[in-house]
Amino acid sequence: MSTTITIKNLTKRFGDVVAVNNVSLTIEAGTFLTLLGPSGCGKTTLLRCIAGLEDPNEGEIYIGDKLVYSSIKGISLQPGARDLGLVFQNYALWPHMTVYKNITFALEMQKLTKAQMDERVHEALKEVQMDGYENRYPREMSGGQQQRIALARMLAYRPKVFLMDEPLSNLDARLRMDMRTELKRLHHISGATTIYVTHDQVEALTMSTNIAVMKLGVVQQLDTPDRVYHFPANLFVADFIGNPKVNLLDGTVSGQNQVKVGDFALDVETFNARGKMVVAVRPEDIAVLTEPELNAVEFTAYSVLPAGADSTIVAQRGDVEVTVKVMGISKIKMDQKIWLKFDPTSLNLYDKESGNLVTG
Amino acid sequence: MAKQAGEEQGLFERAEAWLRRFWRWVTTPQVILSLIMLFVMFYMVIIPLYRMLMTTFTFSESDVRYAPGAVPGDFTLFHWIRMLSSKVSTIMTFEPLLHSLTVSLGATFFAFVIGGALAWMVVRTDMPGRHTINVLATVPYIMPSWTIAMAWKVLFNNGTTGGMPGFLMYLTGTPPPDWISYGPVPIIVSSALHYYTFFFLFVSAALMSIDSSLEEAGELAGASRWRILRKITFPLVIPALLSGFIMTFSKTMGTFGGPNILGVPVRYYTMSTMLRSNTQVGAFGDGFVLAIVLILFSMTTIFLNQKIVGTRKSYETIGGRGFMAQKTKLRNWRMPLTSLVIIFQVIVAVLPLLLLILSTLMARSGDYSISNLTLAHWIGQSNEKINNGEPGVLLNPAIYRGAWNSIKLALYTAFFTALLGVILGYAIVKGRGTRLAKFVEQLAFIPYVIPGIAFGAVYISMFTKPVGPIPPLYGTFALLVVVSVAKHIPYSSRSGVSAMLQVGRELEEAAALAGANAWQRFARIIFPLTSTGFVSGFLLTFITTMRELSLIILLVTPTTAVLASMTMRYIENGNEQQANAVIIILIVLVLIGNFIISRFRGGSLKKGLGM
Ligand SMILES: Nc1ncnc2c1ncn2[C@@H]1O[C@H](COP(=O)(O)OP(=O)(O)OP(=O)(O)O)[C@@H](O)[C@H]1O
Ligand SMILES: [Mg+2]
Chain L
1 MSTTITIKNL TKRFGDVVAV NNVSLTIEAG TFLTLLGPSG CGKTTLLRCI
51 AGLEDPNEGE IYIGDKLVYS SIKGISLQPG ARDLGLVFQN YALWPHMTVY
101 KNITFALEMQ KLTKAQMDER VHEALKEVQM DGYENRYPRE MSGGQQQRIA
151 LARMLAYRPK VFLMDEPLSN LDARLRMDMR TELKRLHHIS GATTIYVTHD
201 QVEALTMSTN IAVMKLGVVQ QLDTPDRVYH FPANLFVADF IGNPKVNLLD
251 GTVSGQNQVK VGDFALDVET FNARGKMVVA VRPEDIAVLT EPELNAVEFT
301 AYSVLPAGAD STIVAQRGDV EVTVKVMGIS KIKMDQKIWL KFDPTSLNLY
351 DKESGNLVTG
Chain Y
1 MAKQAGEEQG LFERAEAWLR RFWRWVTTPQ VILSLIMLFV MFYMVIIPLY
51 RMLMTTFTFS ESDVRYAPGA VPGDFTLFHW IRMLSSKVST IMTFEPLLHS
101 LTVSLGATFF AFVIGGALAW MVVRTDMPGR HTINVLATVP YIMPSWTIAM
151 AWKVLFNNGT TGGMPGFLMY LTGTPPPDWI SYGPVPIIVS SALHYYTFFF
201 LFVSAALMSI DSSLEEAGEL AGASRWRILR KITFPLVIPA LLSGFIMTFS
251 KTMGTFGGPN ILGVPVRYYT MSTMLRSNTQ VGAFGDGFVL AIVLILFSMT
301 TIFLNQKIVG TRKSYETIGG RGFMAQKTKL RNWRMPLTSL VIIFQVIVAV
351 LPLLLLILST LMARSGDYSI SNLTLAHWIG QSNEKINNGE PGVLLNPAIY
401 RGAWNSIKLA LYTAFFTALL GVILGYAIVK GRGTRLAKFV EQLAFIPYVI
451 PGIAFGAVYI SMFTKPVGPI PPLYGTFALL VVVSVAKHIP YSSRSGVSAM
501 LQVGRELEEA AALAGANAWQ RFARIIFPLT STGFVSGFLL TFITTMRELS
551 LIILLVTPTT AVLASMTMRY IENGNEQQAN AVIIILIVLV LIGNFIISRF
601 RGGSLKKGLG M
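Line by line, the protein sequences give chains L and Y.
If you use UniProt numbering, the first sequence corresponds to residues 1 to 360, in order.
If you use UniProt numbering, the second sequence corresponds to residues 1 to 611, in order.
This is chain L alone, in the form it adopts within the complex (with noise of 0.2 Å):
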């Protein structure tokens, strides 16, 4: 019963801002789709357009074969004729309302009988482990619980498509990890298409089978959680993604397959550019020697800092710093001497430019 989204050119503007700027995106059926950027980069206003709760300026948007929006049309759906459901960052419950006048609303407007909404009531508490709250007042619940509740009273309506704005961020970070287990294992249930917005890319690449990446209204990249982590396809993405942050070092393409950064030079798998280039790498996907190797280059532990399951050591090379992750309590001492072997398949390559990846 899911649904795809097809979005076409759209534009949203507010004065002189470009909130969302000529996105074209496909969302597959059954897609968990997250969009992820930082602050203001238009995820909420490309979320409230789709919902029919912002009038775009221009572009075109389908939910499944239905055209809800149309600016050369001039067409634009009711946000209730789009059948879809939008769980708010602040929950937005009716305050004056019971946990179960708040689920029935909508069904009401179905024109649902009392017996079939009783049903829906009960099965939706239920999927978000909330049953027996039904007269309870959202302010006498904490925000975890509203939360479910407002959860639940978008999954009662059975909407074809979720649209989540960072329901996650008001909570605090043990109810956070909860939540997430069961939305994820929501949609593994449901199967509903689902666009789920948020700033915290650990959310976005633990939940989501496909992560837009936004940056000023523009997508950057639309891909797997797999491919965006290991194949940012810019650098913008590069350095949005990952805790702790990729290693971004300038160099230049000095010969075959090879890159010279600082006063050393790292083999890379087969490009065919040149010119300015930086090297992107994992800090988790360097080795760390106590002992020279071939190929492994000398650093100096400028500062390490163990934090139980992993370390992190940020080592030096003259201007060149490098950040490296290591699982465990790490026995490397501060100013010791040090030898990181960079593997070629795991390093990226940008054009210093423009900015995008080079690919073989």
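Hints should not be assumed to be uniformly reliable.
Said to hold, decoys possible - Taking lysine-lysine pairs in the DSSO-like style, the calculated list, with each CA pair at most 30 Å apart, reads:
#, chain 1, residue 1, chain 2, residue 2
1, Y, 430, L, 66
2, L, 215, Y, 430
3, L, 73, Y, 430
Calculated from the structure, these hints are not laboratory results.
With chain L fixed as given, assemble chain Y with the ligands onto it according to the hints.
This is chain Y with the ligands only, laid out in the frame that chain L set:
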């Protein structure tokens, strides 16, 4: 791609798309409501103003007497020349203007001194009994603005212009000098004692919002007390002072009651009383020139205020915690000062009432001996010797009619004001950021800059003739409702907006997504969540309308008279004791209304004033 498709579109499709967009736009609830409101305000404010302006440029039937050869209906500068540069312009315009300015500035100054000092003592010192002071400070404002003027007359009348001799004269045997009994001094004092509440509320709110850590920081930096006051405290309080200044000034500029009671008998005319005397003799063109001058003055002040406060407003957001670590210690002054304040407030709040009541219990006016006590003014049968033969107020059908009119007017006004508040609030808040909403908001502000009596004058010219589908309303009760509602538009807009802002837009959006249409969203989500705001707005409008005089004085007729206007008529007919009895009835009604309000929302007058 989208572009190409657009170019391929035929003319017909493009027209159709445009129509669809337009239709979608005009059927958006906030757009419909905005358009309705524009229409309403156009009828209620813009057209009347325009009509009034045109009247000043047109010869009327009655002008033929003064201007030989005048053809009624012709365009003329006659009224403007007559009022602004002729032999009579001094008496007709400039003296009243000077008087109005004197009275307003004087009243504003004293209101500032009293209100500011009280606010400072309550908020920034260790004075005890703050709650009592807070409550007492609002009492004079709750009563009709001319209450103190009437009480003044009971106390200080010296008989120069006839009328009931005052209590003081009875006690001492000597008449007080004229300058105490009549003219600018008593008008200023009685207005200041009524309006000091504004300053008190504004300044105490501002003082409360100053984070004392700012001042402490100043102290730590080694600044002297005076320097701190000048450099830190004043800049933060000045916007509040200016707002208090504007409200008091523009209210007193257009006030009618006090000047009519204490000024007119000695021919000390202000703009408002001169305007009235012009319209009474049918010299509308001349009167309206005065009204326009009054409006221009009021507009200028408010405009200046916005200029100045607008740039200073940023200060207001500083601090804002309301957390006060340090208070000035009054030490030895604590008890004496506190007693003084309370005694002063009790005198202002209670003494006028006692005097008014006393005067209504006297058989022969001016004789305050025990043997002269009577209830005749209240429950006496009709008696030739008393009040031109009218029976005691409690047996007088005219009074009951007036009271009923007052209540009816207040109810209708409160209802329509609340209704407009809902509509304006929704239209403006939902349309935030669009030009249409901004326009509606600005238009709704206009009545605010028009002093009460001038606003009443505006309506004389409007409804003597039919306007569009509306029949001539002059002399009808409906006109009083219309003018009262129109004058309240700025307040209803403001309270409507603040009520709507309480409801996050997501709450309505969630309902829209659930498939609710505009009406369902309003009835099931928005209205339930804003209704308390509107109910308290309703109650507040109810009592302000009950004690409104300046606004309606030019428009009432004997059949539509309300208690407020009846007090004036009785005074003008020389039945002062009857007038005093009527105002007591009015005060009782207002106090009952107020009691209900304070029950309803914990007695915050401040909120209702939109501060
Ligand atoms: N109603 C509005 N009026 C004017 N500008 C707006 C409005 N809503 C959003 N914007 C602007 O559009 C841009 C995108 O805003 P949007 O809320 O979509 O960002 P976001 O990606 O959701 O950010 P965040 O992570 O902070 O929620 C911002 O520059 C914002 O200031
Ligand atoms: Mg957002």
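Hints, one by one, checked against the model:
1. Y/430 - L/66: Since the Cα atoms of residue 430 of chain Y and residue 66 of chain L sit roughly 28 Å apart, the hinted pair holds (cutoff 30 Å).
2. L/215 - Y/430: holds (29 Å)
3. L/73 - Y/430: OK: residue 73 of chain L and residue 430 of chain Y at ~25 Å, within 30 Å.
In this structure, every one of the numbered hints holds.
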